[in-house]
Amino acid sequence: GAGVSQSPRYKVAKRGQDVALRCDPISGHVSLFWYQQALGQGPEFLTYFQNEAQLDKSGLPSDRFFAERPEGSVSTLKIQRTQQEDSAVYLCASSPAPGRRDEQFFGPGTRLTVL
Amino acid sequence: AQSVTQLDSQVPVFEEAPVELRCNYSSSVSVYLFWYVQYPNQGLQLLLKYLSGSTLVKGINGFEAEFNKSQTSFHLRKPSVHISDTAEYFCAVFNFNKFYFGSGTKLNVKP
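Protein sequence lines correspond, in order, to chains L and Y. Letter 12 of the first sequence, counting from 1, is numbered 12 in the working numbering, and no numbers are missing. Letter 20 of the second sequence, counting from 1, is numbered 20 in the working numbering, and no numbers are missing.
Please keep in mind that the hints were generated in silico from the structure rather than gathered at the bench. We put the beta carbon where it would ideally sit given N, CA and C, even for glycine. A few of these clues could be false.
For the chain Y half of the interface with chain L, some residues (derived, Cβ under 8 Å), not all of them [what the hints assert, rightly or not]:
id, residue
1, PHE14
2, TYR25
3, PRO40
4, GLY43
5, LEU44
6, TYR50
7, PHE67
8, ASN68
9, SER70
10, THR86
11, LYS98
12, PHE99
13, GLY102
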């Protein structure tokens, strides 16, 4: 069956450019999460959606980071005016029910390189 | 605040040898504990998890982990590794509705 998919898989941006990263969760999954995984580190939580509502954005590192999930399915993570420190793998995960946020299925990630 | 410490960044081991990947966590409340595996250019795959009950948890691919509350540890073990186990392994705590991951341990299985 289809898992979580992310696109693009690789993105190279020049410093100062805006980027948009897409996540397609497993069909019917209510909850969606974004993580940032810097080189040599574990993933770090960025933000969480339940359906279209963004319930937690405490991990977003700055106001240049913005996420949305307008119809409660596909989500987009947007980074404005990218900086070199934004270079990382961005992981998306989805879970089937609000009460089971610990049951997360991860996508393959988007590797962002900012030059 | 939650923190997860994986004491070894890299663990080299020969094929068919046993392995233990260490994980310690800090938390003042009860937590759920997880181990994930990440193969190159892939997302995280759940190996096993401890939610409650028996402190010895068995997962996929022959891995197991033991929850030790007094030592706040959740070490991952496998009695005999295969080349295909070469990957990066992440220990994680789930609390306050989010995951907190360790920095990962790269397991390198040599023939």
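Task: Status of the hint placing SER70 (chain Y) at chain L (closest C-beta pair under 8 Å) - done: Since chain L brings no Cβ nearer than about 23 Å to SER70 (chain Y), farther than 8 Å, the hint is violated.
TODO: Using Cβ atoms only, decide whether ASN68 (chain Y) comes closer than 8 Å to chain L, and label the hint accordingly.
DONE: Hint violated; ASN68 (chain Y) Cβ to chain L Cβ min 20 Å, cut 8 Å.
Open item on the list: Using the nearest Cβ pair, does THR86 (chain Y) come within less than 8 Å of chain L?
Closed with: violated (17 Å)
- [ ] With chain L as the partner, please determine if GLY43 (chain Y) meets the hint condition of a C-beta pair closer than 8 Å.
- [x] GLY43 (chain Y) check passes; min Cβ-Cβ to chain L is 4 Å, inside 8 Å.
Task: Proposed interface contact between PHE14 (chain Y) and chain L, which counts if any beta carbon pair is under 8 Å - done: violated (25 Å)
- [ ] Tell me if TYR25 (chain Y) is really an interface residue toward chain L, meaning its C-beta lies closer than 8 Å to one of theirs.
- [x] violated (12 Å)
Task: Interface hint status, PRO40 (chain Y) versus chain L (Cβ within 8 Å) - done: violated (10 Å)
Task: Residue hint PHE99 (chain Y), partner chain L, criterion CB-CB below 8 Å - done: holds (6 Å)
Open item on the list: Hint validation: TYR50 (chain Y) versus chain L, beta carbon distance must be below 8 Å. Holds or violated?
Closed with: violated (11 Å)
- [ ] Verify the interface restraint on LEU44 (chain Y): the C-beta must sit less than 8 Å from at least one C-beta of chain L.
- [x] Given a least distance of 4 Å, the restraint on LEU44 (chain Y) holds.
TODO: Would you check whether PHE67 (chain Y) satisfies its interface hint, that is, whether its CB is within less than 8 Å of any CB in chain L?
DONE: violated (15 Å)
Open item on the list: Interface hint check: GLY102 (chain Y), Cβ to nearest Cβ on chain L, cutoff 8 Å. Holds or violated?
Closed with: holds (5 Å)
In summary, the structure is inconsistent with hints 1, 2, 3, 6, 7, 8, 9, 10 from the numbered list given earlier, while agreeing with the others.
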